[in-house]
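**Student:** Sequence:
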Amino acid sequence: MAMESVVHYFNARRSLGRVAQANRSLHTPHVAAKLAASMTKASAHNMRSFNREKEYSATWASQFFPLPHEAYWPQSSITLLTSSDLRRKGSGRPRSTRLRNGMDSKEGRRASLCGICKKSGHYQKTYPSRPRKRPAEP
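Position one of the sequence shown corresponds to residue 1 (UniProt numbering), numbered consecutively onward.
Hint data in this document are derived by calculation from the structure and do not stem from the laboratory.
All values derive from a computational prediction rather than experimental measurement.
No residue lacks a Cβ here, since even glycine has one placed at the ideal position from N, Cα and C.
Please note that the accuracy of each hint is not assured.
[Unchecked claim] Only pairs whose alpha carbons sit at most 35 Å apart, straight line, appear in this in silico DSBU-like list of lysine-lysine:
no.	residue 1	residue 2
1	Lys106	Lys125
2	Lys89	Lys125
3	Lys106	Lys118
4	Lys54	Lys41
[Stated by the list, open to error] Computed spacing ranges between beta-carbons, pair by pair:
no.	residue 1	residue 2	range
5	Met103	Thr82	32 to 40 Å
6	Gln63	Gln21	29 to 37 Å
7	Val7	Thr28	15 to 23 Å
8	Lys89	Lys118	39 to 47 Å
9	Asn46	Val7	43 to 51 Å
10	Tyr56	Glu4	50 to 58 Å
11	Gly92	Pro128	25 to 33 Å
12	Ala44	Gly92	38 to 46 Å
13	Ala44	Asp85	25 to 33 Å
14	Ser57	Ala2	52 to 60 Å
15	Lys125	Gly90	25 to 33 Å
16	Ala32	Val7	19 to 27 Å
17	Thr79	Lys125	34 to 42 Å
18	Ala61	Gly92	48 to 56 Å
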């Protein structure tokens with residue numbers, strides 16, 4: 001059924017195309033009606049003349065003077081303040097700007113214990129009584 005409707009659609013368009021060719025028109029009646037409707041809509045718009053050659057050349061007609069060397073600038077009494085936003089960003093994840101309150105406190109968190117002496121305040125890698133490895137002598 002779908003194939004029959006496609007064939008019927010193109011047969012109807014083919015006959016409209018032949019009529020348009022016989023009348024020496026470029027478009028079928030449907031397309032011509034759409035073009036006419038869009039042209040009436042387009043005629044309501046005003047076009048400014050900024051893309052014309054005269055206006056384009058007038059853009060560059062005025063003179064401009066380059067800045068002199070910094071040594072010739074007049075001395076200024078204004079002190080410049082640097083913005084913290086212009087500084088280079090630090091490495092790592094940025095600090096949170098969230099304001100913490102009592103609900104943010106962590107309860108029940110156990111302190112980590114050392115694997116050797118089972119005390120808090122240090123861990124196995126930083127054990128205070130651990131003997132240091134001496135470098136091999138040549």
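**Student:** Work down the list of hints and note, for each, if the structure agrees.
**Tutor:** Right, here's what the structure says about each hint:
no.	hint	result
1	Lys106 x Lys125	holds, 26 Å
2	Lys89 x Lys125	holds, 32 Å
3	Lys106 x Lys118	holds, 23 Å
4	Lys54 x Lys41	holds, 28 Å
5	Met103 x Thr82: 32 to 40 Å	holds, 37 Å
6	Gln63 x Gln21: 29 to 37 Å	violated, 59 Å
7	Val7 x Thr28: 15 to 23 Å	holds, 18 Å
8	Lys89 x Lys118: 39 to 47 Å	holds, 42 Å
9	Asn46 x Val7: 43 to 51 Å	holds, 47 Å
10	Tyr56 x Glu4: 50 to 58 Å	holds, 57 Å
11	Gly92 x Pro128: 25 to 33 Å	holds, 29 Å
12	Ala44 x Gly92: 38 to 46 Å	violated, 59 Å
13	Ala44 x Asp85: 25 to 33 Å	violated, 47 Å
14	Ser57 x Ala2: 52 to 60 Å	holds, 59 Å
15	Lys125 x Gly90: 25 to 33 Å	holds, 26 Å
16	Ala32 x Val7: 19 to 27 Å	holds, 25 Å
17	Thr79 x Lys125: 34 to 42 Å	violated, 50 Å
18	Ala61 x Gly92: 48 to 56 Å	holds, 53 Å
Against the hints set out earlier in the document, violations occur for numbers 6, 12, 13 and 17.
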